[in-house]
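**Student:** Residues per chain are reported as follows:
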Amino acid sequence: MAASSSGNRILLHKLNELITFKRICNITQHDIFIRRIRTSRSKCQLQPKMHTKSPPQMVGVVGLEIHAQIHAASKLFSSSGVRFSAPPNSLVACFDASLPGTLPVLNRRCVEASVMTGLALNCTINRKSLFDRKHYFYADMPAGYQITQQRLPIAVNGSLTYSYLGGRKRNQVVTKNVRIKQIQLEQDSGKSLHDDHRNQTLIDLNRAGVGLMEVVMEADMECGEEAAAAVRELQLILQTLGTCYGNMAEGQLRVDANVSVHRPGEPLGVRTEVKNINSARYVAKAIDYEIQRQMEVLDTGGTILNETRAFDSKSGATVPMRDKEGLQDYRFMPEPNLPPLFVYESVASVPAGVDPTQVVVIDRLKAILPELPGVKRAQLVEEYGLLPEHSFTLVNEVGLMDYFERVIQKTKAEPRKVIGWVIKELLGNLNQNGLRLTQSPISSEALAELLNILESGHISTSAAKVVFQEMWKLPEKSVKQLVAELDLELISDQEQILQICRRVVDAHPEEVRVIRAGNKKVLNKLMGIVQKETKGRTDPLQVRRILEEMTS
Amino acid sequence: MVWTGVAGTRLHIAAARPVHHRSMLLKPAAHGACIRYAVPPWRRWMSKRDSSKSSFVSKVPQFPTWEPVAENQLPPRTKISPDLVDKLERLALVDFGNQEGVNCLEEAIRFADQLHVVNTDGVEPMDSVLENRALQLRNDEVKESDCVSELLQLAADRVEEYFVSPPGNIPLPKREERLAMLKHSAF
Amino acid sequence: EDINSGQTQTFTAMLGLSIKEVSAALRDGRMSATQLCRTCLDRIQETRCLNAYITVTEDLAMRQALEADGRLSMGKPLGPLDGIPFSVKDNFCTKSIETTCGSRMLRGYRPPFHATVVQKLLDQGAVLLGKTNLDEFAMGAGSTDSVFGPVRNPWSYATPYCTYHSEGKDPESDWVITGGSSGGSAASVASLSSFLSLGSDTGGSTRNPGSLCGVVALKPTYGLLSRHGLIPLVNSMDVPGILTRNVQDAATVLGVLQGQDEKDSTTVSVPDSPASLPEDLDIRDVCVGIPKEYHAPGLSADTLAQWDRVAGMFEQAGARVMEVSLPHTQHSIVCYHVLCCSEVASNMARFDGLQYGHRSEVDSSTEALYATTRHEGFNDVVRRRVLSGNYFLLKQSHERYFVKAQQVRRLIAEDFWRVFRAGVDVLLTPTTLGDAARYADFIQEDNRTRSAQEDVFTQPVNMAGLPAVTVPTALSSRGLPIGLQLIGQTLQDRKLLTVAQWMEQRLDFPIICFHDDTQGQDGQTGSRERMQFRIIKDNTKSHAVIK
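Protein sequences, first through last, are from chains D, S and H. Quick note, the first sequence lines up with residues 1 to 552 if you use our numbering. Quick note, the second sequence lines up with residues 1 to 187 if you use our numbering. Quick note, the third sequence lines up with residues 1 to 547 if you use our numbering.
Simulated from the structure, these hints should not be mistaken for laboratory data. The beta-carbon is built from N, C-alpha and C at its ideal position, and this holds for glycine as well. Be careful, since some hints might not be right.
Unchecked claim - For lysine-lysine, the following BS3-like pairs were computed, each having C-alpha atoms within a straight-line distance of at most 25 Å: (1) D:128 - D:191; (2) S:143 - H:95; (3) D:191 - S:143; (4) H:76 - S:87; (5) H:395 - D:181; (6) H:395 - S:79; (7) D:134 - H:395; (8) S:59 - H:76; (9) S:174 - H:395; (10) D:473 - D:532; (11) H:395 - S:143; (12) H:292 - S:59; (13) H:76 - H:120; (14) D:134 - D:181; (15) D:134 - S:59.
What the hints assert, rightly or not - Examples of chain S residues lying across from chain H (beta carbon under 10 Å, computed): (16) 89; (17) 126; (18) 155.
What the hints assert, rightly or not - Covered stretches of chain S, as calculated for chain H (at least 3 residues, CB under 8 Å): (19) 65 to 77; (20) 112 to 123; (21) 127 to 136; (22) 140 to 149; (23) 172 to 178.
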């Protein structure tokens, strides 16, 4: 009934008035309206239990704390190297092992990375930021404290615009915004490997002290899908900037979610923290599970504990971790070995006596900021006339945009046509077979060739699709070879086509009569028969024209 | 040391050292020193007031100038509850040892309570004297690498190239058990 | 035999020289670096009852001395410190040499690197004699709380004090402390076994023993000397301290050690300065401030008399001497106590036995391992400061104690800045309340109480990051040294030392010297009178590890 959201509000208001008079039947109507209203909004709303006489439905409230490993040659406060896999404890400086008497020295590259990330996320860069110690004991944190930025982080008050494909057919670009509370620099911890066999923990400090940017996203998201999309967008931005490679499997990007539920208008519920989400596809799963769990607990009259839960990928559930909330007190203290970190607006604002090449200057970083994904998407739409959902997919999939542009370069076919092939055929097949773009059997050159042959009229579209499948299976064969082998060249002989059409028309007098009577749709059936007879080697438009003539 | 004044009277710090005012017998110098003074040589360097020389008033204050802090100026004395004892021991992973240790903490807090007589309205906390100096940044270069053997040999226990610890995420036992555990330890 | 003993006597006499003088002797060939080193090592042996050294690096020292001789014989010394023996407080990291901080926790710990200041001295060719004793982890004001036992003040065995105690009292039980926490360093310089020593100064840990042992002790401006390799007590106040027998020596060492270190982000760069202090200071250009709050309760009559005397000395010579006020002085010690404990709580968190140091046998859990290791490795003093500090940093107390102390710290620093802005060049104050206490008396009160008493005049300086030096002034009525403190402006260390040298030259404080020393050679040792220095033969077990 009501389509627009403002219409919804007016309607609801009117219904609320009605309800007070005609309780039962109107309540039912009310529920139905609400259900409809709900489904016409974001698809990500879960279907909670329906209650009669209930206030508005509970919704999820999701915030994220994302730790992104800074891509740099050395660590945040020490000059040992950074690599994903290396022999245990081979990338450890004396400072990382917390040898007494060692002191932190800040890596300029890490500061630049966090400033660039802050700029890309529309943050205010704090000209002065401070470092603090956060104390707790853990075997993989030798100093007994982590150096972080609790009081005054490097960047605050930003925003991230993210999109996902929503709607019933998942082809509508839904754009949302999430506020970035802050970005802070901090140390990563080492790794503990539990050896249950011998009841001990092996400690590798290679990762201890690597620079992290913690990006804190406010609780503006409502469900797993939104959170996953926000993470994906952040990942793309970081990869574009080069400040973080964002490989979740290698732990370069780690996501912790703060999840609670409430009814809109009411105060926020108790939140839980969900950790151990170590792949992109688990982000949505873990969060949605937790939202559902909390709703069920509340529905059955229980209460939510303020606790930390771990996501178990095998069961798809969140399980409680050891509850330390009551006991934990990080006893924050300023890091006395690090004077305040100053970043400067421009070279002109660098004080006299300070070497401008040794400090971080915001203007210099602004000048080298690369094109961000959002800009790229808009450009694709403008340059190639693509639909927003297509440009979204191009930018979203690693390397796909480059692939697309390479094909465009080598083919005369229109971008709108190319995009169909790239997304439906190529990406579709990749996803079906669980392959990454880098593993694609069909190169951009090969696809371009195929499209050129199609464009030139040598084969039909349906034939091209067949060729595509063959190319997939036999990547070593050239397109021309395959077309020839499959005998899929379009029939160029007009006479032959006319003859075949004549034959089909004569063989189907009933259909012809129906067409003549006005039902043009039946023409498609005849066309299909002709295509079958010719093994798709006829141009559909041509065939249609001929058949129309013959049946007029 | 707690500066407490009861009804305005001043209590000094317990005298650290006895002040001996005996005059000393002179002993002749043993050997090696060729000194011919009427008083033993070292007497020359002893502190003595020579008021006859001064023709000006000394700028040095002749009496203590501190104002004692009265007990009633201080906030109520903090008592450390057994729960707080337990919490501090778990957070610090250091034990109080015995009741004396707890008493020491209470005294330390009492001593610190004297801060509250100072008016600090509008005063910015000071992290360090370097607060206006900019942090020096270093280039992103690898300088310290591959000291694995050097580092590992410092550790009392290790497994191949790993540092090793017992399993973690196990809370400390209750306080009574902890005290027993520590009693059995080497020291 | 006769010639040798004569030579030995000569060499022993060298021990009383200043660095400048002995360096000249080395360069002139009157003595070799190896002979000098040997003499110092012998002196260490003779004075081992003082318990000043934890580790004596005999072989290393002789090797270094030999190398110095090679350079000296070719006329190519590295600088004014080439061949000069020195000692280092045992909380400075020395590569592959045991560094214990006086604690069980680091017994047997051999760092894989040198502290920057140690490296700089070695780069100048100085000869490392060993690591000196200290209060455990530099926590204390007596050098009485070390796992290796207390340090004894060499003046306990000098005639003035012994005479004072002549009525049948046993010198064994009447010996006095060095003060702390750099007691071993001060004792090594005062007993003439080393020409210079590195201490650390957080609340007075270098100046306090310097004053009680009658040597010059300098705490430079915070950030002037690198702390890389100095095992920290309070990172925002620690400074490596320099102990020498005269002010010019301290200036020489300062010139070698100062400078920015890329391994320590809290260091500043300063322009190089000439090694020698100017001798032409016109004292009439100097304004000396006397802070009235520095007459604290308990100030001894002797110290007050010296303070009077030296203030008068400045005034008579034409300097502008004026009373000034540092109103928050009285609260400084409380503020220091809170900030010190808090940082200690944080800095000690790294000692868990996993990567280095003592490790307990418990293996039920990581938490249990940590708890027992820290129980076994730390003494009571350390444990109590850790617990206090953790209390002050708790969420519930953070504002009321830690932040409050930080605010008071600013008030204290501003007190100083205001006075200096008003035209004062240096401040003249006592260094300690009195002379050295008998050990038997000192241990009657607990460590925290003693520290609060002893650090009264010294710790405000650390909170403001200023340079300060203690200059030996006179002997007390008990025959023990009294020193006075001069406090200067930030980064004006040289100016401070110039004024200190002026003061020193007019005070004529005696040098302690070995029993058999005669007047020395060619009057080089100056006109200073010699003290008798009696060594008590004792059977106490040596704690020093001779390498």
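**Student:** Hint by hint, work out which the structure violates, then give me just those numbers in ascending order.
**Tutor:** Violated: hints 1, 4, 8, 11, 15, 22.
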